[in-house]
Every structure is written in C-alpha cells, then in structure tokens.
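As given, the protein sequences belong to chains U and Z, one line each in that order.
Counting in the numbering used here, the first sequence runs from 1 upward without gaps.
Counting in the numbering used here, the second sequence runs from 1 upward without gaps.
Hint data in this document are derived by calculation from the structure and do not stem from the laboratory.
Certain hints may be false.
Below, simulated SDA-like cross-link-like pairs (lysine to any residue); rule was C-alpha separation at most 20 Å, straight line [unchecked claim]:
no.	chain 1	residue 1	chain 2	residue 2
1	U	K101	Z	T71
2	U	K101	Z	N62
3	U	K69	U	Y27
4	U	K49	U	G29
5	Z	K9	U	Y39
6	U	K61	Z	R44
7	U	K101	U	Q6
8	U	K49	Z	K9
9	U	K113	U	A95
10	U	K61	Z	V60
11	U	K101	U	N32
12	U	K101	Z	Y64
13	U	K69	U	Y39
14	U	K101	Z	I54
15	Z	K9	Z	Q22
16	U	K71	Z	A52
17	U	K61	Z	P104
18	U	K101	Z	Q57
19	U	K101	Z	R68
20	U	K101	Z	H29
21	U	K101	Z	P61
22	U	K101	Z	K9
23	U	K101	Z	V60
24	U	K49	Z	R68
25	U	K61	Z	Q22
26	U	K61	U	P79
27	U	K101	Z	R44
28	U	K101	Z	G51
29	U	K101	Z	S67
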Amino acid sequence: AQSVSQHNHHVILSEAASLELGCNYSYGGTVNLFWYVQYPGQHLQLLLKYFSGDPLVKGIKGFEAEFIKSKFSFNLRKPSVQWSDTAEYFCAVNAQTGGFKTIFGAGTRLFVKA
Amino acid sequence: NAGVTQTPKFQVLKTGQSMTLQCAQDMNHEYMSWYRQDPGMGLRLIHYSVGAGITDQGEVPNGYNVSRSTTEDFPLRLLSAAPSQTSVYFCASSYSTGTGIHQPQHFGDGTRLSIL
C-alpha cells in the first residue's frame with residue numbers, strides 16, 4: 001500500500017530563511033506527486049505537481065520541489081520564506097496505475113516569524 | 001465557477017444520529033473523493049469514486065457510506081455518528097487524462113463536524 005511520510009511536523013523560521021520540507025513515499029511504481037498548501041481557515045490549494053520529465057518542478061509563489069526517484073523523495077524548497085508562507089503543507093502521492101487513490105502525508109506546519 | 005461546494009459548513013450531532021454531508025462539483029470531473037482531516041494525521045481518504053455508479057474504499061472507510069448517482073454529486077453518509085468521527089471533512093474532485101495522469105484535486109471549503 002502507498003504511504004507518505006513527512007518528517008517535520010512543525011517548522012519555525014524567520015523571514016528570508018531558506019525552507020526545505022521533506023517528503024518520502026513508499027510505492028515502487030510510477031507515481032504522480034503533489035504538494036498542497038492550506039492557509040489558516042482555508043481549504044487545500046495546489047502548490048506544484050510532478051508527473052514526468054524534469055525532476056525539478058517549479059510551482060507558485062516561488063516554491064519548487066525535486067523528485068529523486070532513487071530516494072523515493074519529493075522535497076519542497078523555497079529560497080527565502082515570507083511571513084505570508086505561514087501555513088500547513090501536505091505532500092501527496094498517487095500511483096499512475098492500479099487505482100485513483102491519492103494518499104496524503106500528515107502535514108508540516110510552518111510558522112514564519114516576521 | 002462554483003467549483004466544489006460542500007454543505008453544511010458546520011454541524012453538531014449527538015452520538016447515534018445519522019447525517020449526510022453533501023458535495024457537488026460543476027466541473028464535470030470524473031473523480032471525486034472524501035477526506036477527513038485530524039490534527040497531526042493529515043488528510044485520510046475515506047471513500048472515492050471514479051465515475052457515476054462507481055465507488056471504492058479509501059484508508060478509513062468504516063462508519064461511512066457513499067454513493068455516486070450523478071457525475072456532479074458525491075454525498076457522504078454517517079449512519080450512526082460516533083465521537084471518533086469528530087473531524088473536518090473535505091470533498092475533492094479532479095479529472096484524469098486517461099493515461100494514468102491523475103490531475104490535482106480541487107477541494108471544497110470543508111465541513112466541520114462535532115459528535116457529542
């Protein structure tokens with residue numbers, strides 16, 4: 001069965017600091033990978049996605065993620081965070097074959113100090 | 001565009017009561033799903049549907065029923081509510097290109113459900 005692991009449950013950074021949130025998944029086949037963000041009181045919104053091709057994916061608001069197949073990882077990065085990036089971030093995976101289930105990680109709460 | 005609409009936004013139930021959470025989308029998406037969000041556990045998939053008349057279980061299906069009689073609607077039913085079902089419930093929809101690429105999901109605003 002697919003599973004998604006996000007290593008950091010809470011991250012606190014100062015503005016302008018660099019961000020990297022870890023995401024590992026357990027599935028041996030071809031996968032679609034996503035990062036979603038949930039701002040306080042809002043629903044989930046897509047940050048970026050990976051289907052195939054260039055393993056370095058750029059998303060909205062200056063976020064990017066790198067797919068490393070050998071490590072089953074899809075880490076999210078941002079060179080310089082802003083106070084407005086305070087939110088919860090979710091990594092999600094679904095398999096390209098065998099069903100439509102999308103499995104989410106437990107989430108990482110990011111707090112950016114102004 | 002309305003996107004994914006969930007009703008109600010808030011609900012309080014007593015243990016043993018039944019309830020249906022409504023979800024509707026106007027994007028003609030084949031795929032719809034229900035998640036529950038609990039602190040420290042992220043989103044867990046309850047049930048999903050790949051089209052009208054087709055549903056399947058997710059990670060935590062027990063205590064919930066679904067049906068998909070139309071493309072637009074995907075209601076979630078709690079037959080006998082339990083305190084463990086206190087959670088925030090999100091409905092989502094997406095389309096597939098049919099080549100194994102499952103597009104990102106559009107989420108509703110959520111239903112905050114409390115079971116006393």
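Hints versus structure:
no.: 1; hint: U:K101 with Z:T71; verdict: holds, 18 Å
no.: 2; hint: U:K101 with Z:N62; verdict: holds, 17 Å
no.: 3; hint: U:K69 with U:Y27; verdict: holds, 11 Å
no.: 4; hint: U:K49 with U:G29; verdict: holds, 17 Å
no.: 5; hint: Z:K9 with U:Y39; verdict: holds, 17 Å
no.: 6; hint: U:K61 with Z:R44; verdict: violated, 26 Å
no.: 7; hint: U:K101 with U:Q6; verdict: holds, 18 Å
no.: 8; hint: U:K49 with Z:K9; verdict: violated, 29 Å
no.: 9; hint: U:K113 with U:A95; verdict: violated, 37 Å
no.: 10; hint: U:K61 with Z:V60; verdict: violated, 33 Å
no.: 11; hint: U:K101 with U:N32; verdict: holds, 11 Å
no.: 12; hint: U:K101 with Z:Y64; verdict: holds, 17 Å
no.: 13; hint: U:K69 with U:Y39; verdict: violated, 29 Å
no.: 14; hint: U:K101 with Z:I54; verdict: holds, 14 Å
no.: 15; hint: Z:K9 with Z:Q22; verdict: holds, 10 Å
no.: 16; hint: U:K71 with Z:A52; verdict: violated, 38 Å
no.: 17; hint: U:K61 with Z:P104; verdict: holds, 17 Å
no.: 18; hint: U:K101 with Z:Q57; verdict: holds, 9 Å
no.: 19; hint: U:K101 with Z:R68; verdict: holds, 16 Å
no.: 20; hint: U:K101 with Z:H29; verdict: holds, 15 Å
no.: 21; hint: U:K101 with Z:P61; verdict: holds, 13 Å
no.: 22; hint: U:K101 with Z:K9; verdict: violated, 25 Å
no.: 23; hint: U:K101 with Z:V60; verdict: holds, 12 Å
no.: 24; hint: U:K49 with Z:R68; verdict: violated, 28 Å
no.: 25; hint: U:K61 with Z:Q22; verdict: violated, 32 Å
no.: 26; hint: U:K61 with U:P79; verdict: holds, 11 Å
no.: 27; hint: U:K101 with Z:R44; verdict: holds, 11 Å
no.: 28; hint: U:K101 with Z:G51; verdict: holds, 13 Å
no.: 29; hint: U:K101 with Z:S67; verdict: holds, 17 Å
In summary, the structure is inconsistent with hints 6, 8, 9, 10, 13, 16, 22, 24 and 25 from the numbered list given earlier, while agreeing with the others.
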